[in-house]
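**Q** Mapping to this note's numbering: the sequence shown position 4 is 4, numbers consecutive.
Read the hints as simulated data drawn from the structure, not as lab findings.
Remember, it's a predicted structure, so these values are computed and weren't measured experimentally.
Among these hints, one or two may not hold up.
Between beta-carbon pairs, the in silico distance windows are [stated by the list, open to error]:
no., residue 1, residue 2, range
1, 50, 121, 16 to 24 Å
2, 128, 54, 37 to 45 Å
3, 53, 119, 22 to 30 Å
4, 119, 202, 16 to 24 Å
5, 144, 168, 31 to 39 Å
Listed below are the simulated SDA-like cross-link pairs for lysine to any residue, each with C-alpha atoms no more than 25 Å apart in a straight line [unchecked claim]:
no., residue 1, residue 2
6, 180, 100
7, 180, 86
8, 180, 207
9, 70, 162
10, 73, 145
11, 127, 219
Idealized CB from N, CA, C, for every residue including glycine.
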Amino acid sequence: MTEEDQEKPLAPVIKPPLPPLTVDEELSIELSKKHKGFRNRTICCGIITAVILIISVVMLVLGFTVLHVKNPKINMNSVTIIGLDRVNITDLSNVNLTVVADVSVKNPNVAAFKFEKSNSSLLYHGKVVGVADIPVGIAKARRTMRLNVTVDVMVAEIARNQEFVSDLMAGMLPVESYTKIHGRVKILNIIKRHVTVTMDCSFSVNVTSREIVNQTCKKHVSI
Numbered sequence: 001m002t003e004e005d006q007e008k009p010l011a012p013v014i015k016p017p018l019p020p021l022t023v024d025e026e027l028s029i030e031l032s033k034k035h036k037g038f039r040n041r042t043i044c045c046g047i048i049t050a051v052i053l054i055i056s057v058v059m060l061v062l063g064f065t066v067l068h069v070k071n072p073k074i075n076m077n078s079v080t081i082i083g084l085d086r087v088n089i090t091d092l093s094n095v096n097l098t099v100v101a102d103v104s105v106k107n108p109n110v111a112a113f114k115f116e117k118s119n120s121s122l123l124y125h126g127k128v129v130g131v132a133d134i135p136v137g138i139a140k141a142r143r144t145m146r147l148n149v150t151v152d153v154m155v156a157e158i159a160r161n162q163e164f165v166s167d168l169m170a171g172m173l174p175v176e177s178y179t180k181i182h183g184r185v186k187i188l189n190i191i192k193r194h195v196t197v198t199m200d201c202s203f204s205v206n207v208t209s210r211e212i213v214n215q216t217c218k219k220h221v222s223i
């Protein structure tokens, strides 16, 4: 073998052209592509549907548990009358009485309950004899907020009532208190609910022992 034969490059291998596809083969390939595309779209839609279903179930569970807005609760823990020991029944012109009510607002929600400025009224036989302002406040999530509601009693209004003498003779002064708190619970800036909590309490003041007796309260929540 000569040196020229060794340096001569090999001729490229030429593949013979493929035979043209038949009509059935072209149709089969086209159907295969369409089937593959349909399968991919079906899988994609199935995944999207499954994700939406999971999110819906999670939101439904949260809506009935964590994100469910529960009604705040208000309670009258105790009532104290300051100055009752200095009352002279024969002279009520210069008597000053102060009623201090220990009120608690319980918030069972995962978000704070913000309430507006409100008031509490003291009534004697249906007539207002004292009003107290309740300032703006926030009951933290799943916490109980305590409020001291102070009412200056208009003793002259009580003395002018035509039932006053008979109540004194019976030894009991029936008194009522009405408290109304309006506020809002907002969870994740998505769920908002305005709530109004009212509490109507009645109790009696024992003229002899100067104690609070027969205290009962009715509560109502409106949305």
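**Q** For the pair we were handed, residue 180 and residue 207, check the Cα-Cα distance against 25 Å.
**A** Violated, at roughly 28 Å.
**Q** Taking 37 to 45 Å as the stated bounds, is the beta-carbon spacing between residue 128 and residue 54 within them?
**A** For residue 128 and residue 54 the Cβ distance comes to about 57 Å; the hint is violated.
**Q** Hint check: residue 180 vs residue 100, CA-CA at most 25 Å. Holds or violated?
**A** holds, 16 Å
**Q** Just to be sure I understand the hint, the distance between the Cβ atoms of residue 144 and residue 168 should be within 31 to 39 Å; is that true here?
**A** holds, 38 Å
**Q** Taking the Cβ atom of residue 53 and the Cβ atom of residue 119, is their distance within the range 22 to 30 Å?
**A** Cβ of residue 53 to Cβ of residue 119: about 50 Å, so the range 22 to 30 Å is violated.
**Q** Look at the Cβ atoms of residue 119 and residue 202 and judge whether their distance stays inside 16 to 24 Å.
**A** holds, 18 Å
**Q** When you check the alpha-carbon spacing of residue 180 and residue 86, does it fall within 25 Å?
**A** violated, 31 Å
**Q** Hey, residue 73 versus residue 145, does the alpha-carbon distance stay inside 25 Å?
**A** Holds, at roughly 10 Å.
**Q** Measure nothing beyond the straight line between the CA atoms of residue 70 and residue 162; if it is 25 Å or shorter, mark the hint as holding.
**A** Between residue 70 and residue 162 the Cα gap is close to 44 Å, so the pair fails against 25 Å, i.e. violated.
**Q** Sort out whether residue 219 lies within 25 Å of residue 127, counting only the CA atoms.
**A** holds, 20 Å
**Q** So does residue 50 sit 16 to 24 Å from residue 121, Cβ to Cβ?
**A** violated, 57 Å
When the structure is compared with the earlier hints, violations turn up for hints 1, 2, 3, 7, 8 and 9 and for no others.
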